[in-house]
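Just so we're aligned, residue 38 is where the sequence shown starts under this note's numbering, counting upward by one.
Simulated from the structure, these hints should not be mistaken for laboratory data. Among these hints, one or two may not hold up.
Cβ-Cβ distance ranges computed for the label pairs, FRET-style [unchecked claim]:
1. H191 - R140: 24 to 30 angstroms
2. S202 - D385: 30 to 36 angstroms
3. G50 - A395: 24 to 30 angstroms
4. A100 - D76: 35 to 41 angstroms
5. K114 - P249: 31 to 37 angstroms
6. R211 - A92: 23 to 29 angstroms
7. E184 - V49: 40 to 46 angstroms
8. D230 - R257: 22 to 28 angstroms
9. R140 - W185: 34 to 40 angstroms
10. V49 - P249: 19 to 25 angstroms
Just so it is clear, the structure is predicted and the values come from calculations on it, not from any experiment. The beta-carbon is built from N, C-alpha and C at its ideal position, and this holds for glycine as well.
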Amino acid sequence: MSRFLFVVPPLVGHINPTLGVAAELARRGHEVAWAGLPDVLRPLAGERAAVFPCAAPPLDDPALLRPLSLRGPAALKFLWERFLIPLAEQMAPGVRTAVTEFRPDVLIADQQAVAGGLVAEQLGVPWATATTSAGFTALAGMPKVEEWITDVLHALRQRIGDPDSAVDPRLSDRLVLTFSTEELVGPADSFGDQVRFVGPSLASRTSTDGFPWDLLDPGRATVLITLGTANAEVGARFLATCAEAVRSRSDRLQAVVVDPSGTLEESGDGLLVRPSVPQLALLERCDAVVCHGGHNTVCETLWHGLPLVVAPIRDDQPTIAAQVVDAGAGVRVRFGRATADQLGTALDAVLDEPGYRAAAERVGRSFRAAGGAAAAAAHLEHLTAPPATESR
38 MSRFLFVVPP
48 LVGHINPTLG
58 VAAELARRGH
68 EVAWAGLPDV
78 LRPLAGERAA
88 VFPCAAPPLD
98 DPALLRPLSL
108 RGPAALKFLW
118 ERFLIPLAEQ
128 MAPGVRTAVT
138 EFRPDVLIAD
148 QQAVAGGLVA
158 EQLGVPWATA
168 TTSAGFTALA
178 GMPKVEEWIT
188 DVLHALRQRI
198 GDPDSAVDPR
208 LSDRLVLTFS
218 TEELVGPADS
228 FGDQVRFVGP
238 SLASRTSTDG
248 FPWDLLDPGR
258 ATVLITLGTA
268 NAEVGARFLA
278 TCAEAVRSRS
288 DRLQAVVVDP
298 SGTLEESGDG
308 LLVRPSVPQL
318 ALLERCDAVV
328 CHGGHNTVCE
338 TLWHGLPLVV
348 APIRDDQPTI
358 AAQVVDAGAG
368 VRVRFGRATA
378 DQLGTALDAV
388 LDEPGYRAAA
398 ERVGRSFRAA
408 GGAAAAAAHL
418 EHLTAPPATE
428 SR
């Protein structure tokens, strides 16, 4: 038996992929613990999970809300300055306590929880990274931003890591678990030898109580429209435009719209508006998805062999949207400027042209073949194996 410590940021979309890996490790007889914000972690990992509390910036702080106009390099700089660096500094004491008390054989750090890698290297614990494919490519074409982040991480390492280390705390030099495949990402020749493409790690989730399944009309195509868990403050115009596109096709199309902020007034005319949905269960009843290009939503959609309309907002979303388009599994529209006619045309394309569905199904097959949580767990187990000795 080995001990594995998962270090995660207080972001649902970053915790979800690790849940299946942790469950698989536990199924194999290993001991698993978490370091993160308990209020976010426990509802996802379960009340019986071993959670070492870490501090985090207040998630409801208005200063953390980025205006929609902030895109590209400016948005990434804002993210690092206002959230990721303060998060690392506030998490570090809790991660240090977790390592000291739990004594993990391997620490697994999410790509945005850089305190995990920094503390692990300082305390001499082997560590791995759990990431999306965009973790390698989101800064492509932004050399000045990459240089700035490198300088910021160097300064952070002097405060909470090993000052003598040169390893990028975003990406372990031992093992990087990437929850995607080359069929979506493209050839992986440029990635390091430590990178393992394991496909999505999907774990069962608590269902949303009371979802009105009986309101779904089996005689119409069903589309899920969602902007994920972190974009509610900028989604009002886009959701309203999607609603207009669906209403004009309500004779043949219905949409479930995830609207946690209540920006849409009511359901009807082909719309079922809900603050949250049991997404994995709902995808089994859908024909296509409209989303922001978030990694989890995209991968869960493609796992089910469904085509996408992607409207990326910022950060790694344009990179993932480009992967969807390059794979032939969807259509990209502009989040801030797409009209109802343009969204309707995109929906017609992914629903009516069989090539999009065929490409989505091809990527989905590659996801299943990659092994998911079981493959990730096997790679992590390998890190705990003693090094082979040369025979004399």
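We went through each hint and held it up to the structure:
1. Our hint of 24 to 30 angstroms for H191 and R140 holds, since their Cβ atoms are close to 29 angstroms apart.
2. In this structure the hint that S202 and D385 lie 30 to 36 angstroms apart at CB is violated, the actual value being about 53 angstroms.
3. The hinted range of 24 to 30 angstroms is satisfied by G50 and A395, whose Cβ atoms lie roughly 28 angstroms apart.
4. A hinted range of 35 to 41 angstroms is violated for the C-beta pair A100 and D76, which are about 19 angstroms apart.
5. Against the hinted window of 31 to 37 angstroms, the Cβ-Cβ separation of K114 and P249 comes to about 43 angstroms, which falls outside the hint.
6. A hinted range of 23 to 29 angstroms holds for the C-beta pair R211 and A92, which are about 27 angstroms apart.
7. The given range of 40 to 46 angstroms is broken by E184 and V49, whose C-beta atoms sit roughly 31 angstroms from each other.
8. Restraint check, D230 to R257: a C-beta distance of roughly 49 angstroms breaks the suggested window 22 to 28 angstroms.
9. The given range of 34 to 40 angstroms is respected by R140 and W185, whose C-beta atoms sit roughly 36 angstroms from each other.
10. The given range of 19 to 25 angstroms is respected by V49 and P249, whose C-beta atoms sit roughly 23 angstroms from each other.
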